[in-house]
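Protein sequences, first through last, are from chains A and B. What the first sequence shows, in my numbering, is residues 1 to 135, in sequence order. What the second sequence shows, in my numbering, is residues 136 to 625, in sequence order.
One or more hints might be untrue.
As the list claims (entries may be wrong) - Simulated crosslink set (DSSO-like; lysine-lysine; CA at most 30 Å straight-line):
| hint | chain 1 | residue 1 | chain 2 | residue 2 |
| --- | --- | --- | --- | --- |
| 1 | B | Lys163 | A | Lys35 |
| 2 | B | Lys163 | A | Lys39 |
| 3 | B | Lys484 | A | Lys45 |
| 4 | B | Lys163 | A | Lys53 |
| 5 | A | Lys39 | A | Lys83 |
| 6 | A | Lys82 | B | Lys330 |
| 7 | B | Lys174 | A | Lys39 |
| 8 | A | Lys130 | A | Lys101 |
| 9 | A | Lys45 | A | Lys122 |
These are calculated hints, taken from the structure and not from any lab test. Since we're looking at a predicted model, the values are computed, not measured.
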Amino acid sequence: MKKLIAAIFLSASLAAAGDWAVVTSPSSPISSISKADLKRVFTGKKSNLDGVKVVPFMLSDANPAAVAFLQDVMEMSSDDYKKFWVDAQVRGDGTAPSLQKTSATAMLVSADLPGAIAVVDKSAVNATVKAITVH
Amino acid sequence: MISKLPVLLVSGALALASATRADDATFKAYGFADAELLKQSYNADNFLVGYGYATPGMQAYLDHVNTYLDWKPNTNVRVLAEIAFNPNPVPSNGSGTILTADSSALYTSIYNQARPLVVQELNQLVPGFSSYPPAIQEHVIDSIIAGQTSQAIAGIKANALQGNPSTGSKDHSIYLPRVHADLLLNDALNVRVGKFITPSGIWNVDHGSPTILTIKQPYETSFIPIFPESQTGVQLFGHMPYGDHDFSYAGWITTGRGTNDADFGQTPRNLDDWAFGAHLQTDLDLLDGVRLGGTVHTGTIRQSYEWDYVPVTSIDISSQIPTTDLAGSDNVLADSAYMREWSYGLDTKWNWNHFLVQAEWNHRQVLNLMRQNKSGNPFQTNFNAWYVLLGRQFSLTSSLDATPYTMYEQLAWDGTDNNPGLGYALVPISGFGTWIAGVNLGIYNRVHLKLEYSHVNLYAKNFASGEVANTYTDHDLAVDSYAAQFSVAF
């Protein structure tokens with residue numbers, strides 16, 4: 001019985017750990033974004049959304065939410081994503097989005113920045129930021 | 136009013152600080168470096184040895200250290216400089232000036248200046264000299280002047296020799312592939328000003344060892360670049376989405392390039408001399424990514440020289456130094472080569488399930504604007520080049536992947552005699568084909584170890600007679616290379 005409860009608890013926590021969300025400042029006009037545009041933002045191909053210059057923040061790949069985001073949206077592994085930006089740097093296309101170690105710091109830097117687009121752990125989202133709908 | 140000034144200043148400073156914080160200026164330095172181990176195998180009489188393109192024995196050298204300085208003072212402006220280490224020393228002029236002179240004109244000028252002085256001295260030093268037979272007087276005068284002028288001209292030649300490029304005391308150099316400022320208006324329209332890498336095709340832009348799968352970059356983007364590698368001018372660029380796909384463009388107006396592919400020193404003399412071109416590209420959301428692109432570029436290439444007639448107005452007999460009156464000089468600028476180039480390119484890249492197929496086709500037509508055939512059309516030189524690259528990535532562990540690859544490139548030209556200014560007229564080949572096979576080991580994304588074999592087959596052009604007469608065969612000119620490269624992105 002104990003093993004069954006532990007297994008259910010573990011599977012539930014694993015599912016929750018992989019959930020990601022994209023947030024911005026509550027003052028931002030950005031409220032929704034397509035998956036294709038989100039991919040463009042995090043590959044440096046889109047820098048404007050709803051008339052606002054966007055500033056993307058990526059979560060460290062030590063966080064399962066970041067790995068899930070890369071898989072779901074970017075269709076890349078964490079290594080592929082890093083290699084993508086090494087190549088982009090050599091080409092002169094720009095540098096990778098700023099990396100945040102935790103969801104808490106990602107939300108902290110996003111709270112006052114209307115152009116912020118930050119990937120965070122869904123379970124960590126609080127009232128200091130606004131969740132963006134991804135469609 | 137005065138009492139309110141500090142308040143206004145403070146509030147203004149706060150507003151400025153707030154704006155600055157919002158824009159968040161950034162400065163980043165990054166780059167790549169690589170070192171190479173190379174062993175070449177070829178016939179002993181291969182003319183490439185004489186040209187310095189084939190070297191006996193094992194070579195080990197630092198090949199690249201490229202550092203990028205990337206500064207964004209705000210979200211609308213970006214300044215990027217790439218500083219590249221060059222393993223080859225830059226030839227530089229030593230002391231002395233390279234001087235070319237019309238020897239007969241120089242002699243006549245010196246003779247006319249020196250003769251009265253020599254006659255005067257002979258009359259003073261040799262009693263009765265004026266009573267000698269005229270033929271003997273002329274012979275003595277000519278002998279003295281000839282001796283003086285030959286020594287004077289010999290001195291000039293010695294200075295000219297000192298002006299030859301000397302690389303012995305130089306140890307490598309650095310150069311700047313790009314330094315530009317970008318005005319980032321929006322995704323669809325941005326402005327770039329400065330020196331930039333020509334956004335033609337795939338590999339000219341990739342150009343860095345961590346990004347390039349092979350060790351040997353295609354000759355069409357390096358050794359004989361079909362498009363200028365870098366240019367100086369203005370570029371407009373941007374990209375636009377359509378559905379899940381992307382379209383991007385770049386258009387430029389620049390000073391073009393020189394005869395030796397140099398991207399500096401061109402001074403457009405008229406509107407016709409400005410170079411312009413464009414690259415269009417679409418990235419399709421098919422398979423794991425499909426790229427299609429096309430590039431066109433045109434510009435003029437000049438090689439000019441400046442010459443001057445400088446009369447010798449006096450001569451110092453004791454020091455034997457002729458002096459000149461520069462006020463009477465008249466500089467003349469003349470072209471020794473004047474060409475127009477048209478370059479076209481197509482490129483594509485397909486990614487699917489870790490397979491990679493990449494190919495580029497490039498063509499360059501160079502018209503000699505100083506020489507026409509009987510029909511009145513400019514003589515022309517053509518370069519044709521293409522390559523196909525195949526690779527497959529295998530993930531061995533989470534931090535190690537291996538990508539075996541193979542590539543074939545062909546680069547051929549014709550009509551090089553029609554444009555001597557390009558410098559290929561006397562090269563005894565009409566092109567070459569290159570087979571490459573290797574494996575690229577990626578370690579933690581930023582480190583690569585590449586092992587590569589390549590076979591270059593040169594298409595011999597036999598000259599039956601003359602100074603460059605030869606009987607080379609294709610086999611004589613083949614070069615096999617075994618290379619290992621270690622590269623790192625930082």
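*asked:* Of all the hints numbered above, which does this structure not satisfy? Sort the numbers upward.
replied: 7
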